[in-house]
Amino acid sequence: MRWDFASVFTNTDALLVGAIGTLHIFVICLVLGLSLGLVVGLGRYARTPWFRWPATAFVEFFRNTPVLVQILWFYFALPMLLPFEISPLAAASLGISLNSAAFSAEIYRGGIQSIEPGQWDGARALGMSWGQAMRRIILPQALKRMTPALTNRAIEIFKMSTLASAVAYVELLQQGKLIASLNYNPIEAYTTVAVIFFVFLWPMVQFTYLLERRLRRSE
Amino acid sequence: MSYRWDFTPVVTNAPLLAEGLVNTLKVTGVSLACGLVLGLALALMRLSRHRLASWPAGFVIEVFRTTPPLVQLFWFFFALPLIVGVEMTPFLAACVTFSIQSAAFFAEVFRAGIQSIERGQWDAARAIGMTHGQALQRIILPQAVKRMIPAFMERAIELMKTTTLVATIAYADLLFAANEVSQKSFRPLETYTVVALIYFFVIFLASQFARLLELRLARSGESTVH
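Protein sequences, first through last, are from chains A and B. First residue of the first sequence: 1, per my numbering; consecutive thereafter. First residue of the second sequence: 1, per my numbering; consecutive thereafter.
Hint data in this document are derived by calculation from the structure and do not stem from the laboratory. Heads up, a few of these hints could be off.
Derived DSBU-like pairs (lysine-lysine); straight-line CA-CA distance at most 30 Å [claimed, not checked]: (1) B/LYS161 with B/LYS184; (2) A/LYS177 with B/LYS146; (3) B/LYS26 with A/LYS177; (4) A/LYS144 with B/LYS184; (5) A/LYS159 with B/LYS161; (6) B/LYS26 with A/LYS159.
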């Protein structure tokens, strides 16, 4: 068995296109997932059941179904109900974002609940409304505690972005598939893709470890 | 909306979906069993004082935790057979990938659990003449495993969700059966909705069971290790 990476390097531009595709969907899902997660997380914390129940149902449903099933549902099933087609990017982004929203909602909820009730009382004593207390007092403290968990989510989103290849969205793994089938070099093509993902993700993982350690020391 | 729902194709293909669900559970079960054993071995290697044991274990754990599972699966299905020269079935590739992948995660759970046991327990075991292995087996692991159960359950549920990836290499799991039924019947909406609900039902039950177990453990005074 002779390894020959030359056939992969001649296709660097294809990999580059794939890397841009991966980063593209990663950013979309990161922004949508984490911001929607905050809304849902606050909804789960609301006192009115009108917000709490839908938020809870949303979290339970999306946490308890596989992402790939959600992506395929949005890609193949949803267009039956809509008058227009859904692009691979839209389907994959919807699946990954909603799934990440459900998981990050639990992180936000846990973070907010971890703040002592005295902080709420203090804010109320100063005449702040619920929204003001949340924005000015609770969230800034809670966010600090949540950062390691949220960066972990970001890493998960990055890894999940490969699932977009199942609906033929052009990202790194999809390009790896293409290169492997054009040059009959699956070993080199898939090894290269794995190494690229490792290179992207390893610093993020190490950064999370660092955050966790720093947080443990400061708490 | 004028779409007319028709679940009859899904109902007539129920045996196909049931077979898919059985295959999903099969991959999950095999990977879980192998992953636990391999995970314990990796954790013990990583905790070892010998670098020849701890470094390779650390390497495997880091690589499998920081690369996407789908990339791993493709590597084991398309690349590995060419290197070692054996025919790889989708089932085998899935079991190998998910066993090693979940082993990497289980190893960290084991490690955290073992490290959470107070040093005094080790000292006491040594004081009554136990070897390192005996202390681990009789004193440390029984206590550690109890603390690790919630984290294990969570990982097992994650594993079941991850097994849907095998549909991409044409193993006939539940999701693959859904692809087939929807293509055959031109009823993707009904098929994928039903399959999503089946997954939800099974995984939700597992989650509830995990939650119950966690509550029970919390009451018996054992903290959770994550």
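The hints, checked one at a time:
Only pairs whose Cα atoms come within 30 Å are accepted, and B/LYS161 paired with B/LYS184 is accepted, the gap being roughly 25 Å. Only pairs whose Cα atoms come within 30 Å are accepted, and A/LYS177 paired with B/LYS146 is rejected, the gap being roughly 43 Å. For the given pair, B/LYS26 sits about 27 Å from A/LYS177 by alpha-carbon distance, which is consistent with the 30 Å threshold. The hinted pair formed by A/LYS144 and B/LYS184 fails the criterion: a straight-line CA distance of about 51 Å is larger than 30 Å.
Taking the CA atoms of A/LYS159 and B/LYS161, the gap is about 14 Å. The hint holds against a cut of 30 Å. Of the pairs offered as hints, the one joining B/LYS26 and A/LYS159 holds, with about 24 Å between alpha carbons and a cut-off of 30 Å not exceeded.
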